[in-house]
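Student: What follows is each chain in one-letter form.
Protein chains: 4
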Amino acid sequence: MEVFEKWESEIRGYSRTYPTVFASASNARQVDEAGRSYVDFFAGAGVLNFGHNNPRMKRAMIEFLEADGVAHSLDMATTTKRDFIAKFVSTVLEPRGMTMRLQFMGPTGSNAVEAALKLARKVTGRREVVAFTHGFHGMTLGSLALTGNDVFRRAAGVPLENVHRLPFETAPGGGLASLEAYRAQLADVSSGLLPPAAFVVETIQAEGGVNVASAEWLHAVQRLARDVGALFVIDEIQVGCGRTGSYFSFDGMGLDPDVVCLAKGIGGYGTPLAMNLNRPELDAQWAPGEHTGTFRGQGLSFVAGREALTYFDDDALMTEVRANGERMADALRAVAQEANRGFTVRGRGMIQGLDVGDGAFAKAVAAECFARGMLIGPCGSGGRVLKLIPPLTIPDDDLGEGLETLAGAVRDTL
Amino acid sequence: MEVFEKWESEIRGYSRTYPTVFASASNARQVDEAGRSYVDFFAGAGVLNFGHNNPRMKRAMIEFLEADGVAHSLDMATTTKRDFIAKFVSTVLEPRGMTMRLQFMGPTGSNAVEAALKLARKVTGRREVVAFTHGFHGMTLGSLALTGNDVFRRAAGVPLENVHRLPFETAPGGGLASLEAYRAQLADVSSGLLPPAAFVVETIQAEGGVNVASAEWLHAVQRLARDVGALFVIDEIQVGCGRTGSYFSFDGMGLDPDVVCLAKGIGGYGTPLAMNLNRPELDAQWAPGEHTGTFRGQGLSFVAGREALTYFDDDALMTEVRANGERMADALRAVAQEANRGFTVRGRGMIQGLDVGDGAFAKAVAAECFARGMLIGPCGSGGRVLKLIPPLTIPDDDLGEGLETLAGAVRDTL
Amino acid sequence: MEVFEKWESEIRGYSRTYPTVFASASNARQVDEAGRSYVDFFAGAGVLNFGHNNPRMKRAMIEFLEADGVAHSLDMATTTKRDFIAKFVSTVLEPRGMTMRLQFMGPTGSNAVEAALKLARKVTGRREVVAFTHGFHGMTLGSLALTGNDVFRRAAGVPLENVHRLPFETAPGGGLASLEAYRAQLADVSSGLLPPAAFVVETIQAEGGVNVASAEWLHAVQRLARDVGALFVIDEIQVGCGRTGSYFSFDGMGLDPDVVCLAKGIGGYGTPLAMNLNRPELDAQWAPGEHTGTFRGQGLSFVAGREALTYFDDDALMTEVRANGERMADALRAVAQEANRGFTVRGRGMIQGLDVGDGAFAKAVAAECFARGMLIGPCGSGGRVLKLIPPLTIPDDDLGEGLETLAGAVRDTL
Amino acid sequence: MEVFEKWESEIRGYSRTYPTVFASASNARQVDEAGRSYVDFFAGAGVLNFGHNNPRMKRAMIEFLEADGVAHSLDMATTTKRDFIAKFVSTVLEPRGMTMRLQFMGPTGSNAVEAALKLARKVTGRREVVAFTHGFHGMTLGSLALTGNDVFRRAAGVPLENVHRLPFETAPGGGLASLEAYRAQLADVSSGLLPPAAFVVETIQAEGGVNVASAEWLHAVQRLARDVGALFVIDEIQVGCGRTGSYFSFDGMGLDPDVVCLAKGIGGYGTPLAMNLNRPELDAQWAPGEHTGTFRGQGLSFVAGREALTYFDDDALMTEVRANGERMADALRAVAQEANRGFTVRGRGMIQGLDVGDGAFAKAVAAECFARGMLIGPCGSGGRVLKLIPPLTIPDDDLGEGLETLAGAVRDTL
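Which chain is which? The protein sequence lines are G, B, V and E, in order.
Whatever position you read off the first sequence (first residue = 1), add 866 for our numbering.
Whatever position you read off the second sequence (first residue = 1), add 866 for our numbering.
Whatever position you read off the third sequence (first residue = 1), add 866 for our numbering.
Whatever position you read off the fourth sequence (first residue = 1), add 866 for our numbering.
One or more hints might be untrue.
Same chains, same names: a pair is fine if it fits in one copy or spans any two.
With a cut-off of at most 20 Å between alpha-carbon atoms, the simulated EDC-like pairs for lysine to aspartate or glutamate come out as follows [stated by the list, open to error]:
1) K924 to D1179
2) K953 to E899
3) K924 to D1263
4) K924 to D1224
5) K872 to D1016
6) K988 to E1027
7) K988 to D1016
8) K953 to D1117
9) K953 to E929
10) K953 to E868
11) K1229 to E1156
12) K872 to E1147
13) K924 to D934
14) K988 to D1054
15) K953 to D1180
16) K953 to E1186
17) K1229 to D1179
18) K953 to D1179
19) K872 to D949
20) K1229 to D1278
21) K988 to E1186
22) K1229 to D1180
Quick caveat, the hints were computed from the structure, so don't treat them as lab data.
As the structure is a computational prediction, the values presented were derived from the model and not from experiment.
Assemble the whole structure, with the sequences as input and the hints as a guide.
Tutor: Shown next, in the form of structure tokens:
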């Protein structure tokens, strides 16, 4: 670790939480250089939906490299990118009757959100964007303005403007009433409020504490957005790509977003990729090159990402995800009941959170898990929620081991 | 191309400029699916310093994949990352006596700049940052506020604040006088100006038109920054990593920046990576996790980037770069002379620009080059500068072919 | 009128509403140059609480002029100013046990609010200020940012920042629930909200539509301000100085504001004066001269304002105001009942509003009143509320005439 | 003084500088309650151009009061206001061939500037306004953003945005070169600068240190404004109304401003009044009531202000002002020469400054003057300039006495 301590920036975080040097990884396992194996319930912060070093993707990537495929192409057309697009269209869009346009940008979720904000502001000619308390949308100034977390916001060093903040459904002051109050204020010409360009919402706030919005509330947000002439933008970065048991976390809810932001899992192998889906008539208002980025065209990401999409050719994986989600929730509820400390369990599919109400306790549990060979991370305000987001492809044994390890760690930490 | 036209966002740009579908690439060549080969004088906007699909990197990446190396690790410690850091330290930092800390963030140049801004604002407690006309620093709101280009700025849709704009050395109103005028204004308590947190400068404005700053002017900027208590930040994203004939574009100038932003070429293979070098006493002010990002730990980028650093084990490549740069400049000067239209030639090492004074003409030349089998892109205000940034590893034949193609295209376009 | 039409700015307003040239005025009467007399239910927008050309004030002012009193003194000490201060202290502050410091600034209400904002921000080190929908606080950029009215806001031409908007008690989404929701959001570190420097509130929104806050709600605002470390600022500019039947509109409510903004009526004769009352320990944080203004020391305003304070030596006028207020409210309720169109009546003391729900109708009524020899003005969203604010000293006959004129005008306009 | 110390805000300033209580005043004399007489070289910060309690104005005001003229009228038409407008038109506008429209607003200079900014932004649809270092334009957020002084700016407590700052002609970095540099930057699409809505300039920066702009430079500012589509706004608040030896400080220069801001001296007697002159085709873009203010219609100010205009019926006073100005400048030059400390003398007409280069010294001289029976105030950065702005009507004896007092005070303070 000395190399990291001596040369890497003091800002490093996870290498402090998990103080070992990892040497290899496979599906739901990371192995450190001492040979110790850890079951991974963190999955690269929700990136590795299909496991570390997914063998199908690995094979495809090696073939691509050996064939001298175009690894880096900005937004030039390549055969690899075409294959990815075609596969995304046939697997995701067409079955849902969606006609969205695919926009590629710098390969981070933050870039995706920044692009969505630009489009919303351009299309509406408005400045202000509605974001929700506890939301997490990125670290660059545009997306950070939407992010709720105080620590991140203060690091900006400048005022974060042009955002109107509403409480998330499950947050203090939240629910349908606050949406209606805002609607009434917007309708009131002396309210001093500006009409918004967009509502940007996560269906499940992953970083924010595994806060799950109801379909009813999401519909109310969408309806409000439509009624006031704003775009309805779903930030699907952490909970899309199959995490909740369907490709989109909002599948089956009958929602009709104007923009969907994707990143993290879309690149399959941990290979960076970000992509927005834009309603065509909105997308048509982009001028070529208005929002660019060097790493828009990542051949390896397209290859791995295309392979990832094959998991959605049938419902096998998603069925498993829903079953695993139930198993995880059951296990957490058992932990909560045994603890008898008012813990709550929240989630959908394979994102499940155990809210222990206390960041210090959650941190201690995570540390104890690590000591026992498991990677898990806290999230939410003050880090009070233990978030379980293992690879969707985690073997039953590893899932069981992780759940038992967590139960033991909680028990012994109490 | 129909897949792109039907499904990709209207914002797509390069696939319109180079209207073909590329299937493979190798060193300074891209080949489209019809088998046509193009000599590449664009190198992925300055990313592919070591050529497309560099064989040494490719081999290392395949080995890494086969060994199940940790492909995605956030900012956990991995053996691969350690190898990269150690190699960077021994190859770049130690020979220069530099003790900077390495900070990784979301793998785009824009993220690097955003991180630098946060650090500068945090360390100084100031808001305003000095940027220069024609500068290009990224597309997200924080870095975009530094970027000069009007088209990009308007796409923000919100006021871009907290930046004080000075003319670049070679821009209208530029030179030492404007720095001294600004110094005098800052010293004047009734100037109404805020003391700046940082000066962010490119030694050569690549996107801005291959505008080359002198060492004298850069020293004046650094001195002014020091004198007014601001950080001196060099954005080395496009012209670092060997592009100018030495690792840093400012090597040999005796400059001592507080932060150096790196991206593009640092990942070697077009694999995304961004990294800031922070002066240790400034870096010490970061709190862990204050600026995060999902794709901070990219195993493939570390592997390829480490391999790229071996090109700096000796001076062979850099010697060649300087020679090639001369050859390119000579060729461009000949073109300019023959054209007799007031064209000017600017650059250093293997970034050379031919300023034809007219964006429409430059665009026509680039189109003619493409028709003749060459990729080249315009830059600068209105796109009036043809920018030559081939891979540093370009074979002599390809370099010669490209220069001849360009000369012919200019001749015939006139 | 040709002089005005030819030479005065197109921005002129009241000379269009009341298209005649006034030549003289006395108590509740304005007389135009044709000799036509109008009963004045507008009182210079709430300035002339003691009538036009109040004879006691007039005599004092003439004496002051003849004695060469110091008419203009910036914030130098003068005998006249001392007399005013001493009278204000003995009449208003001491009987209430208040120890506030008197701050003079540019003689407009807007300047008073701007000064209060500076003090709040300075004392707390915070930027954001809470204002309420439908609030009116002035026209300069700082106070305008608090003002709710859309027409005024758009005229700013720049974003109006640093204000957090809550619904007023009686506005859509208002009441105690919205205060509690905001409290909860502030307590939530991931809410993305900044802690406020101050809550600025009118007890009765005069321009906003004669919206009357309850003591309970005002206490809740004060308590919330205290709890979150913000100042509690009452903008008393239009409804203070006796308008509601006591000197302060909040008398008897047990409130304890940190800053009270006064203007309009404080100068007595329509002579400009503005004054803030600042809690001493907050006021102590002002550095001398931090907020200045040329017309801070107005001798004529001090003389007339001092005379005005004698109306509060006993309760005679205030008793009358309360009785007149009842009479006005009764008359309006009769109008509302007769009209049977859902009109509502709101107010306290001698500020009473008839909300006719429709700006065009209210405008027509006001025009009809003018035609019949009465000045009255609409307020509120779209101008839908007829606001009655005659001089507190209005003779019974004039009050009766005005109320009858209004009733007749409503009847005939329907 | 105890009343002031006990009850007035700590922000009070001049009552500390001149620690006595004034009881009466006449022309260039203020007399304190102990009967001590002071010669006044400060004139209420440039308000009392026609002396304290000017007898012609006093008589007119008393007559107005006795006749029950309309003292307060918002922007209703009154005979008094009409007389003022007609007199201003015939005396000031028509002889100059000016067709400007007169706009009245809240009666402070700051309100005048705020109104000018709104008009400029509305007319151009632009946000940013050019202001100059050392400029003073007011204390409310819009005008304060233009003001250069650091102490005042910091008191805002919020970022002051939407202003581009250029050095004043005589300030560090100033002169024609900086205007040309700015022009070049604006012409450069990649400069990152916004086109400005207006240039707001004082011909002589009074608060800023008696900095005198040349006609050549002012023309360059006007030309630049015209060329870039911005308004040319002259803030004439302190040096207009005859101060420099002609009605406007820019008379005879051939300038053609779009907006002229007037306040201070326009009301004659120290009675508050502010007025903008707007070019008619710009003024036509105001909608009625877009910028309002309670104290727009001040009968006493119109009466006194009308009387003040009679001083411009012939050239007698202005001739005297020019002669007095020479006498003042001569006296100051003699002081400077005798002191032999590098003092400089600046000014035009009866605004003259002695720059002693050191705020503490200037403050000591002012205190010594006060001790000797004279009121004079420092201005400029750190208060290093002694500013002489006696009433234009000062008797020769008083002028002589004041100049001698100052000379003696400087001599003895050295």
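Student: All hints, please: hold or fail.
Tutor: Status of each hint after checking the structure:
For the identical chains of this complex, K924 and D1179 are intra-copy neighbours only, at 19 Å inside a copy versus 31 Å across copies, given an alpha-carbon limit of 20 Å. Taking identical chains as interchangeable, the C-alpha atoms of K953 and E899 lie at most 20 Å apart only when they sit on different chains, with a minimum of 19 Å there against 38 Å within one chain. When the C-alpha separation of K924 and D1263 is checked against a cutoff of 20 Å, the pair qualifies neither within a copy, at 23 Å, nor between copies, at 35 Å. Neither within a single protomer nor between protomers do K924 and D1224 lie at most 20 Å apart by alpha-carbon distance, with minima of 40 Å and 47 Å respectively.
Proximity of K872 to D1016 under the C-alpha cut-off of 20 Å is found in neither arrangement, the shortest distances being 29 Å within a copy and 42 Å between copies. Taking the shortest Cα distances, K988 and E1027 sit within 20 Å of each other both inside one copy (17 Å) and across copies (18 Å). Taking identical chains as interchangeable, the C-alpha atoms of K988 and D1016 lie at most 20 Å apart only when they sit on different chains, with a minimum of 15 Å there against 28 Å within one chain. Taking the closest pair of Cα atoms, K953 and D1117 come within 20 Å of each other only inside a single copy of the chain (19 Å); across copies the shortest separation is 47 Å, beyond that limit.
When the C-alpha separation of K953 and E929 is checked against a cutoff of 20 Å, the pair qualifies only within one copy, where the shortest distance is 18 Å, while the shortest distance between copies is 28 Å. For the homomeric pair K953 and E868, the shortest alpha-carbon distance between copies (14 Å) is at most 20 Å, but the shortest distance inside one copy (45 Å) is not. For a Cα distance limit of 20 Å, the shortest separation of K1229 from E1156 across copies, 17 Å, qualifies, whereas the shortest one inside one copy, 43 Å, does not. Taking the shortest alpha-carbon separations for K872 and E1147, only the inter-copy value of 13 Å comes in at or below 20 Å, while the best intra-copy value is 52 Å.
Taking identical chains as interchangeable, the C-alpha atoms of K924 and D934 lie at most 20 Å apart whether they share a chain (15 Å) or sit on different chains (9 Å). In this assembly of identical chains, the alpha carbons of K988 and D1054 never lie at most 20 Å apart, being 24 Å within a copy and 24 Å across copies at closest. Taking the closest pair of Cα atoms, K953 and D1180 come within 20 Å of each other only inside a single copy of the chain (14 Å); across copies the shortest separation is 45 Å, beyond that limit. For the homomeric pair K953 and E1186, neither the shortest alpha-carbon distance inside one copy (22 Å) nor that between copies (43 Å) is at most 20 Å.
In this assembly of identical chains, K1229 and D1179 lie within 20 Å of each other by CA distance neither inside one copy nor across copies; the values are 39 Å within and 44 Å between. Taking the shortest Cα distances, K953 and D1179 sit within 20 Å of each other inside one copy (10 Å), while across copies they are farther apart (43 Å). Within a single copy, K872 and D949 get their C-alpha atoms only as close as 44 Å, which misses the 20 Å cut-off; across copies the closest is 14 Å, which meets it. Taking the shortest alpha-carbon separations for K1229 and D1278, only the intra-copy value of 13 Å comes in at or below 20 Å, while the best inter-copy value is 69 Å.
Neither within a single protomer nor between protomers do K988 and E1186 lie at most 20 Å apart by alpha-carbon distance, with minima of 41 Å and 47 Å respectively. In this assembly of identical chains, K1229 and D1180 lie within 20 Å of each other by CA distance neither inside one copy nor across copies; the values are 38 Å within and 47 Å between.
Comparing the model with each earlier hint shows violations of hints 3, 4, 5, 14, 16, 17, 21 and 22; every other hint is respected.
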